[in-house]
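Enquirer: Chains as they are written, first to last, in the working numbering: chain A, 4 to 245; chain B, 4 to 245; chain C, 4 to 245; chain D, 4 to 245; chain E, 4 to 245; chain F, 4 to 245.
The set of hints was computed from the structure by calculation and includes no laboratory data. Predicted model only: the values in this text are computed from it and were never measured. Do not take every clue at face value.
In this list, chains with the same sequence are indistinguishable; a pair is considered to hold if it fits within one copy or across any two.
Think about it this way: if two alpha-carbon atoms lie no more than 25 Å apart in a straight line, the pair counts; the simulated PhoX-like pairs of lysine-lysine are [to be verified]: (1) Lys-234 / Lys-224; (2) Lys-131 / Lys-234; (3) Lys-224 / Lys-131.
Residue-level listing of the chains:
Protein chains: 6
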Amino acid sequence: MRILVVNVNTTESITEAIAAQAQAAASPGTEIVGLTPHFGAESIEGNFESYLAALAVMDRVLSYDQPYDAVIQAGYGEHGREGLQELLTVPVVDITEAAASVAMLLGHRYSVVTTLDRTVPLIEDRLKLAGLDTRCASVRASGLAVLELEENPARAIESIVGQAQRAVKDDHAEVICLGCGGMAGLDRQIEESTGVPVVDGVSAAVTLAEALVRMKLKTSKVRTYAPPRAKRIVGWPVAFAK
Amino acid sequence: MRILVVNVNTTESITEAIAAQAQAAASPGTEIVGLTPHFGAESIEGNFESYLAALAVMDRVLSYDQPYDAVIQAGYGEHGREGLQELLTVPVVDITEAAASVAMLLGHRYSVVTTLDRTVPLIEDRLKLAGLDTRCASVRASGLAVLELEENPARAIESIVGQAQRAVKDDHAEVICLGCGGMAGLDRQIEESTGVPVVDGVSAAVTLAEALVRMKLKTSKVRTYAPPRAKRIVGWPVAFAK
Amino acid sequence: MRILVVNVNTTESITEAIAAQAQAAASPGTEIVGLTPHFGAESIEGNFESYLAALAVMDRVLSYDQPYDAVIQAGYGEHGREGLQELLTVPVVDITEAAASVAMLLGHRYSVVTTLDRTVPLIEDRLKLAGLDTRCASVRASGLAVLELEENPARAIESIVGQAQRAVKDDHAEVICLGCGGMAGLDRQIEESTGVPVVDGVSAAVTLAEALVRMKLKTSKVRTYAPPRAKRIVGWPVAFAK
Amino acid sequence: MRILVVNVNTTESITEAIAAQAQAAASPGTEIVGLTPHFGAESIEGNFESYLAALAVMDRVLSYDQPYDAVIQAGYGEHGREGLQELLTVPVVDITEAAASVAMLLGHRYSVVTTLDRTVPLIEDRLKLAGLDTRCASVRASGLAVLELEENPARAIESIVGQAQRAVKDDHAEVICLGCGGMAGLDRQIEESTGVPVVDGVSAAVTLAEALVRMKLKTSKVRTYAPPRAKRIVGWPVAFAK
Amino acid sequence: MRILVVNVNTTESITEAIAAQAQAAASPGTEIVGLTPHFGAESIEGNFESYLAALAVMDRVLSYDQPYDAVIQAGYGEHGREGLQELLTVPVVDITEAAASVAMLLGHRYSVVTTLDRTVPLIEDRLKLAGLDTRCASVRASGLAVLELEENPARAIESIVGQAQRAVKDDHAEVICLGCGGMAGLDRQIEESTGVPVVDGVSAAVTLAEALVRMKLKTSKVRTYAPPRAKRIVGWPVAFAK
Amino acid sequence: MRILVVNVNTTESITEAIAAQAQAAASPGTEIVGLTPHFGAESIEGNFESYLAALAVMDRVLSYDQPYDAVIQAGYGEHGREGLQELLTVPVVDITEAAASVAMLLGHRYSVVTTLDRTVPLIEDRLKLAGLDTRCASVRASGLAVLELEENPARAIESIVGQAQRAVKDDHAEVICLGCGGMAGLDRQIEESTGVPVVDGVSAAVTLAEALVRMKLKTSKVRTYAPPRAKRIVGWPVAFAK
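Please model the complete structure; the sequences and the hints are all you need to start from.
Expert: The following block contains the structure:
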């Protein structure tokens, strides 16, 4: 089984970290292919960048020319998953939703700890649309930008642990979701510090994607995610991919 | 006052129709500028096309080089409004939300009549995110594609009237929203056939945008719609606009 | 166009302040007529007074003998708007709902700052019924009574600013609605102090009413707001209006 | 124990029917006093009449000069209960809420069968505000006006039974609430025809009021229902009561 | 009228306290029979114990061989009420739901003060399923185990009063529900300390059960609570009741 | 990895069918152990039987004396999962929730097709508690009892297909969940007949359980699912297991 794990930003080192985390979570025999978009922002921290990433992810997947069994969109709270589901027949799993689905199997309520405060409403909105918000105790921001996670891991852990602890104590979260693709790999450390299960979205998405493939389940094509109708389109996909 | 009314698809005749409808609804002294995206699909009937349109609308507005006071995104149930709000300081009004806001001033519950069934979930999702879904009685599809509205107006009216009548009778709608930018101009005819107020989204958006400008109100910049942070971005806006 | 702006209490100076605010927000050519109820309380701070005001507003509008195009009920969180909508054919706009509708065009979540804590549940209930509560971050009380706003504007501003700042910081509001007709005119000062857009309900209602009139939209009469049936009624409107 | 049962309309025969139903449901030793408002409409079928009734009920109760232990507002879906709760210290029970509370003890979901279709949204709104709507399967209208219930009981029963049967079969209601004070006394007949428990609001309200009095529980006075503040009020209560 | 009040745990002294409280709340002529389960835990503070109690309560009621008119399940937030409703024809009242229903007649929002923090989610879940959660301001834990209430009443009162005061001040509760069968009898003391009405669940359930019996209302048997179908069952009820 | 798949009823042939379905869905190297409760009903079609099953499942798992990595409760809409989560440290997956979580990855809305109409509210309640109900289009009953599925598979398929088709056409479901453990194995046939993905709960639960085990995630023990406190318990587990 081959699973494409698509980074939402253009920072190669994040793609590599995500792919490594995905491979570690995968079953034997699953090949992970990490993809970096051909265009877009070096990190995604807001709606404009997220919309740009939505197209860039679709563009990147469509320009991948080998067979694959599932696609993971490895951005937290980002737009675009619905578009991929229209364009593809294989399952598409978003890490925001995967993490929440897994967290809900482990505790009564979960919290998400993400990067900047400005991305909190995006994550809340995605969880609401996905119908996975009812048992979300809170979405909390560490205050660190995406790229700072890479630059200063020690400070990142301290800050994320602090918010995770407040989520458990003040918001009654029983599970923590790591709300950023770039946080891959921090889960065990944070779990030790907080005493509650910590769900990494990339790992959750990989194992859910494997589950779907193993069950031979694909995206439903009868209504919302039916293939796009044939029509005249300007600037796609060439303009983006060149 | 100058208001940009941006079509979400690349069909110029629809831009013209929308702009005419907008101008008719505008106050004396308001100049309407209709804009057609430089790329994207000839009609928007699904998530992929809508995400593409989201970027195309942002691209088109940013490449407009004259001053303006407000922007209207003239697509029903489309993605992207949040991105425009980040990029701009002037008010941004989406016709889906404008129509619903106006409809809620006129009756206890409203319904939307749109084009194809596959776009119903997109509209429902946008209303849910906007927090305007509680009093929505139903979103109904006429079964006609966007471009068919132009090609066969008589059949379009018949079909839309039929769904509007069922919305009033079966779903207890007291107001009908015309759920497509391309329906601009049909409101009076349908109002006569159904006996309830019919809200055209473009007109609603124009008058709301004028209201915001007159009150000197602009998009809040403290959190969700703060300007994008300075960062390295590949392929924007040149790749799109050329 | 003539718009009636009806105060909910019997304090003439508040009517004058509201009417002045309304006129300032109105388009050229719109005539604002401020009306004071013939009976009721000097200020409205609770359910009993609000129910009394509901009738007094209906009575006052019905006893106005000139033509008019729209009516604004200028009380925050008050009962009665539905009754006016039954009795009249022209549009009726409540300032609570107008402010919320406008706020939702400007930011992800809004808060209301009102007068006494005891009126908070009334406002929350009206927003819930109007289906405009989903994106309401909080309704906060300044602790000042309605009439204190007039008597000590400096203290009022200080107190309202304090609550507005807490709404932005603690409740993640991105827009503030001024939750009292008597707060008309304070918006710009508070906007400067908080850095977020401040919506004055009277201004919002005037511009929305103008929008409805310009679009020739009136209250739907098919169900909830159908005209009262002909029947025997004792004590109306004579007892009230004499 | 003495309980005031206040009709919302001015039709004496309805007051008598309600009072008889209340007395039949009351415990030995409970005295029921039926009161008819001094002003208002002969039947309540809409918002204007309901707002007028809200004041008329408050006026009528305040002008009752004997001691009493609880008050029942015997109108279905009417405004005003909150005002009574402010003005009084004894418990106030609304029959709409009493019926729903009792129905929820008897089945998984309940439906309300009321009179005219135009009153359905009023009942839905009151149940929503009361937080008793989650398990409401539907509110259905028999199509008969309030006064027709008295004039043609046979037809009324047939029509109400028809809607009750549809509520059970189509909406999965397991309990039926009789949604009109004037339906008092029809419950047993309808129960036989539908096979599900039928809750009469007046009986429910009487037994709940007795329960509150027996537990020495009164309306909370700390916030929403605190007594009105001392202030200048014009036209109350004299103008109404004379 | 005879009402069975079934303790959920096996501590006889709690059964006695509950029965005494129930008798005090009952009307003259109502006989209260306190029952202790034949098996289960000495106190119920979690899901496993609650599920065990659910069966034990059903078992205990079925093994009671005298006639009775209603059954009260005297555990706060416990499982099992739906099972009793299937097995019996007489009304079944759960004290969690009874307390909430009564509280909602007395104030705009209510809070529950219970024992250990771990039981808070159970109570929240039961209120949610019952559709009585909308007006619940909070469920707060005193931090005392069930049996500590008996052992150290002074400390229990102090701790419960503290949480009740915070519920009123911080969560805007206007009514307090005592969230444990073992708290029966503390209501008046806590009411004096907090200034808001305090609802004891056992008393509420008794008076509601009396109301149902007086109205001759029984559990609906058409769907959810239809009698169990005839089928082969192993280990019931003998294994439990021996 | 060893996963216990616990039937909720005492019919061995159903246990065997479930275990076979589970083994077919499992990864190589996963051992499935099917367990049948020592007591309870031959099929579960209501609350009483479901509560009995809840205890029987806990009892059966506790009396299993080999090591295992996860437990699946293979009943649709049944009580008890929370109790297992308290008693165990390994992950517990309920097939109702597993199916819904998987379905939500595949389409915008899903429906459940179950056996008897009387079990519909149980399933709706479990989905509501699990916070997985928002995107549930409907829960439909085939009208066949659990054991009829085994006795007459042809008729079962016809009936289930009929309801699945109505779910897709009338309720806009895009995915179907098979709402009964005993339906295991019918998924492919029904998928062909309806054109939408069909999720078998047992398969979904197995793959999710494997995912949790692979990620080394266990049930959170900080609050809701903390181990039961040490206390005196009568009749557990001996009385049930003997």
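Enquirer: Hint by hint, where does the structure go against what was stated? Just the numbers, ascending.
Expert: 2
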